[in-house]
Amino acid sequence: MTLQFLRVATHDGVAVVTIDRQDKGNALNAALIGELDCVFTGLATDASVRTVVLTGAGPKFFVAGADIAELDGASPAKLGATAAYGQAVFRRIETLGKPVIAAINGFALGGGLELALSCTFRYASSNAKLGLPEINLGIMPGYGGTQRLPRLVGRGPALEMVLTGDPIDANEACRLGLVNKVFEPDQLQDAATKIATKLASKAPVATRFILDAATRGQDLALGEGLALEAALFGLIGSTADTREGLKAFLEKRPARFTGA
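As numbered in numbering that gives the first Met the number 0, residues 0 to 259 make up the sequence shown, in order.
Simulated from the structure, these hints should not be mistaken for laboratory data.
Beta carbons are placed, not taken as given, at the ideal position from N, Cα and C, and that holds for glycine.
A portion of the hints provided could be inaccurate.
[Stated by the list, open to error] Result set (SDA-like, lysine to any residue): computed pairs, CA atoms no more than 20 Å apart in a straight line:
#: 1; residue 1: K201; residue 2: A247
#: 2; residue 1: K77; residue 2: G141
#: 3; residue 1: K201; residue 2: A213
#: 4; residue 1: K201; residue 2: R252
#: 5; residue 1: K201; residue 2: L158
#: 6; residue 1: K59; residue 2: E171
#: 7; residue 1: K201; residue 2: G141
#: 8; residue 1: K201; residue 2: G244
[To be verified] Derived Cβ-Cβ restraints for the label pairs, each shown as a range:
#: 9; residue 1: A226; residue 2: G96; range: 12 to 22 Å
#: 10; residue 1: R150; residue 2: L225; range: 17 to 27 Å
#: 11; residue 1: L162; residue 2: D211; range: 24 to 34 Å
#: 12; residue 1: G137; residue 2: D211; range: 34 to 44 Å
#: 13; residue 1: M139; residue 2: K246; range: 45 to 55 Å
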């Protein structure tokens, strides 16, 4: 697939995916979401990539939101299908089996924040603004915002953001736990790449199992989640990486993980 709106660069096990539609604030149109689908489908099976950084091009926007021009005049059936497809693509990102770090380099509004919410965690520049302003257009979040945001920050703060439509700044987002850390704009990309490189050095199977346990477990009762964790803990014992990690610890040397 020829990419029009995404740039992908890979180095040292880290893929940096940059959304580049700067003339439209990196807004998500159907073509861009299709490119995200294609790229992340490929990254899921690319053994050379262990971590992903997702960011926006330019100094102002991560993603301004969905492309409103495509929504205007759309039938109810079309709107529902658009939301369902976007949710499926974002779910693919959320369940990639590899850490995906959102480097929020500016405005992350509407679908842009929903995209960031589907990532493993989020870093933000100090000038970032985050919000779900759909209510101001007479619509509602459709790419998972009403589901992921309350799970992340709690029902009260999430509903305040969704029902007022008011954005919050990076420091408030960090206080709420919506973003993990805040950096100056010129430090954000380096910080995200540094942690991505660190994560890429970890055992890939253990990483995948941890993400699976945490993602699936959040929708389970505690007892079921613990059972899932125990099952995965047992399964991971059959891997070469586990044997290597334990042996390296006992031999007091760095482990050499291969993903086997």
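**OP:** With a cut-off of 20 Å on the C-alpha distance, tell me whether K201 and A213 pass.
**Re:** holds (17 Å)
Original post:
For the pair A226 and G96, does the Cβ-Cβ distance stay inside 12 to 22 Å?
Top reply: Taking Cβ atoms as reference, A226 and G96 lie about 20 Å apart, which means the hint holds.
Original post:
Straight-line Cα separation of K77 and G141 no greater than 20 Å?
Top reply: holds (12 Å)
**OP:** Measure nothing beyond the straight line between the CA atoms of K201 and G141; if it is 20 Å or shorter, mark the hint as holding.
**Re:** violated (34 Å)
**OP:** For R150 and L225, compare the CB-CB distance with the range 17 to 27 Å and indicate the outcome.
**Re:** Holds, at about 19 Å.
Original post:
For the pair supplied as a hint, K59 and E171, is the alpha-carbon distance within the 20 Å limit?
Top reply: Cα-Cα ~18 Å, so holds.
Original post:
Between M139 and K246, is the Cβ distance one that fits in 45 to 55 Å?
Top reply: holds (53 Å)
Original post:
Quick one, are K201 and G244 close enough, alpha carbons at most 20 Å?
Top reply: holds (10 Å)
Original post:
Taken at face value, is the distance from the CA of R252 to the CA of K201 at most 20 Å?
Top reply: holds (14 Å)
Subject >> Hinted pair K201 and L158, Cα distance within 20 Å >> reply: violated (37 Å)
**OP:** Return holds or violated for the Cβ distance of G137 and D211 against the range 34 to 44 Å.
**Re:** With a Cβ separation near 38 Å, G137 and D211 satisfy 34 to 44 Å, so the hint holds.
Original post:
Are the Cα positions of K201 and A247 separated by 20 Å at most?
Top reply: holds (13 Å)
Going through the hint list in order, the structure does not satisfy hints 5, 7.
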